[in-house]
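Residues per chain, in single letters:
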Amino acid sequence: MQKHSFKLLLFVFSLGLILAAHFQFIDQYVITVIMLMGINIILSSSLNVVNGYMGEFSCGHAGFMCVGAYVSSVLSVILFTKDRIFGAPLLAPDLSLFLFPGVILIGGLVAALAGLLVALPSFKTRGDYLAIITIAANYIIISGIENLDIIGGPRGFQGMKRVINAMEDRLDIPWMLLWVVLGTIFSVWVIRRFVASTYGKGIIAICQDEVAAEIMSVNTNKMKVAAFMLSSGLAGIAGGLFAHVYGYVNPQSFNILKSTECLVMVYLGGMASLPGSVLSAVIFTLLIEALRFVIPELNALAHHLRVIPESYEIGQVWKWVIIPLILILTMQFRPEGLMGARELGDFFPFLKRFYRNRTTE
Amino acid sequence: MEILVQNIFNALQWGSFYALIALGYTLVYGVLLLINFAHGDIFMVGAYIAFFLTTFFLGEYGVIAPDSLAGVTILMLAVPLTMILTSMVGVTLERVAYRPLRDKGAHRLYVVITALMCGLILENGNLALLGASRKKFPELLEKTVWTFGNVSVTNLKVMVIFAALLVFLFLQFVVTRTKTGMAMRAISYDKFAIPLMGIPINNIIVFTFILGSGFAGLAGLLFAMSYPILEPYMGALIGWKAFIAAVVGGIGDIRGAFLGGFLLAFVEIGVVAVFPSTLRDLMAFSVLLIILWWKPTGLFGIAKTTKI
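Residue numbers (our numbering), protein chains in the order written: chain R, 1058 to 1418; chain X, 1067 to 1374.
Bound-form chain R, shown alone (with noise of 0.2 Å):
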């Protein structure tokens, strides 16, 4: 019973949040949010895997989330509904229940192959140079889409609302609460089985001297190109989930300030620690939308206060100057991030029996 209690708190939890999401207990705002929380949870835990892992510097991952969106976008909007362009659905509006989870896999495995484009410069490249060649990439991936007129271009992509509207004909619950659910677990898992594995301790070794590692016969090519294409499909999918729940893609909402998000919640959540970046990712969500509330609240403390001019008003912009600050200064006084490279048994002792029964440690 004990070597299953996390898996059944975890079911539990899930179906609780579905449960109350079905019966309206929680509004559709928090429901966003908490579906952006696992979308956020799922890219700052792939970037982990290159970043924090394997000690490289990919800036960027939003590149990936762009292929991974557009492909599986393109692709249910294609297969289920009827639209402008594309014309008829190629399948029936019901199978959208069975087949989705399959589109998005589609395009996070698309997405691994556009990671190739960043794991092949890397076997010759390292650190500084691997940062530009992912900029250019994602800059790449991002220009690419713009210049696509049949699926929108610069205009963007929309269509997605009519394949959750399907699938709610079927069954009333709320389906995008539970992919993103399931999803997040889902990556969380092939993560944690991935580290714990051959090639997870691979990467790291290739983290701390990657000679070392070669003369070690660990076989530093298939390990890179194993951990890049990892981290892309991951990411793809979390673009996949992304495009689903707004229902609307646009190539700029990928740009170098998405990736930048991603970093921020990697670094901030320390780098090759799993449970890090899942805690930063829910934190960095949850410090937006509260931001949301505060900055008025401080807006008008100022006024009160009136430590700024009148005609001033403190917009929500400034949320895009704290975020950074908040980095900066995790840099200076806690650059290992929030929890290091250690997991949570480190600071919850009591957590240390969930650890004990596992064969690989």
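Hints were generated in silico from the structure; no laboratory data involved.
Each hint should be verified, as a subset may be incorrect.
Said to hold, decoys possible - Okay, the calculated beta carbon distance ranges per label pair: (1) X:Arg1200 / R:Glu1354: 29 to 37 Å; (2) X:Thr1344 / R:Ala1145: 24 to 32 Å; (3) X:Thr1344 / R:Leu1173: 39 to 47 Å; (4) R:Gln1309 / X:Met1154: 32 to 40 Å; (5) R:Leu1147 / X:Ile1356: 32 to 40 Å; (6) X:Thr1121 / R:Glu1354: 32 to 40 Å; (7) X:Ile1069 / R:Leu1382: 42 to 50 Å; (8) R:Leu1386 / X:Val1071: 47 to 55 Å; (9) X:Ala1339 / R:Tyr1369: 54 to 62 Å.
Here a beta-carbon is modelled for each residue, glycine too, at the ideal position from N, C-alpha and C.
Please build the complex by placing chain X on the supplied structure of chain R, with the hints as guidance.
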């Protein structure tokens, strides 16, 4: 033929901006091994400082009588003042954000992330403080256009190209023939031996930032004169592109930065002349990636061997 010459002139002017910003990246990287991601935003800050200085001298804040100074005089005053003020911004950034981490011996990665975040703060801080409406840079010089057949060249274009060349020659002189320049090159070889030789590292680093940020400020002023609409995010894309150009040229080498900047400009103008202009960024980045793939350390860079 004449289209070619016209495009060459345009590319030379466009490349001058990239070159001026790229050498700021290269100077700081050569000395500190740090990619100063905030440099593109220092360029933007320089443009805004130039805007406020020129509007001040034109009398819009009531201190100086309007029309009392000629356009050329204002330009003569604005160039050194912009460069000095922008250098101060750069040095403040170094002192507040980078030096504490360097003194603590922090890993290079943390300083790079701090640089990235400082860039974001500069952009969004500008947006938050000055608002989203764009500023129009006032006209300072009378535009004279010289035409040779179908090729037209304005005096501003010639000025920009000359400025870039002068800066390059000045920097080559400073780096190769002065003691401070020799210290800068020495730091890039071996950072730990330099204090043993009696060279004050912090002063050299501050000097490097002064040079880099000053010339970014000059680039900002010239850019504002050539394309007079200023907005908070103008530095971001140009900064990234100039950075990639510096790397393609070989980061750490001044000739590399200049060559990289002009190369990027020629690629962009060439792409726009032949293909639809929406493909400009796509093809420019792809060409740069291909060059990096073929020669990973850049065109002028030297491959560094690491001892095991």
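Exercise. Falls inside 54 to 62 Å, the C-beta gap from Ala1339 (chain X) to Tyr1369 (chain R)?
Worked result: 46 Å, violated
For this session: Please test the hint of 32 to 40 Å on the beta carbon pair from Thr1121 (chain X) and Glu1354 (chain R).
Result: 35 Å, holds
For this session: Check the following: the C-beta atoms of Leu1386 (chain R) and Val1071 (chain X) are separated by a distance inside 47 to 55 Å.
Result: Between Leu1386 (chain R) and Val1071 (chain X), where Cβ atoms are some 53 Å apart, the hint holds.
Exercise. For the pair Ile1069 (chain X) and Leu1382 (chain R), does the Cβ-Cβ distance stay inside 42 to 50 Å?
Worked result: Distance hint for Ile1069 (chain X), Leu1382 (chain R) holds at roughly 49 Å.
For this session: Evaluate the given range 24 to 32 Å for the C-beta pair formed by Thr1344 (chain X) and Ala1145 (chain R).
Result: The hinted range 24 to 32 Å holds for Thr1344 (chain X) and Ala1145 (chain R), with Cβ atoms some 31 Å apart.
Exercise. When you take the CB atoms of Gln1309 (chain R) and Met1154 (chain X), is the distance between them in 32 to 40 Å?
Worked result: 34 Å, holds
Exercise. Could one say that the CB atoms of Thr1344 (chain X) and Leu1173 (chain R) fall in the range 39 to 47 Å?
Worked result: 26 Å, violated
For this session: Note whether the CB distance of Arg1200 (chain X) and Glu1354 (chain R) lies within 29 to 37 Å or breaks it.
Result: 30 Å, holds
Problem set entry | Leu1147 (chain R) paired with Ile1356 (chain X), Cβ distance criterion 32 to 40 Å | This hint holds: roughly 38 Å between Cβ atoms.
Checked against the numbered hints given earlier, the structure breaks hints 3 and 9 and satisfies all the rest.
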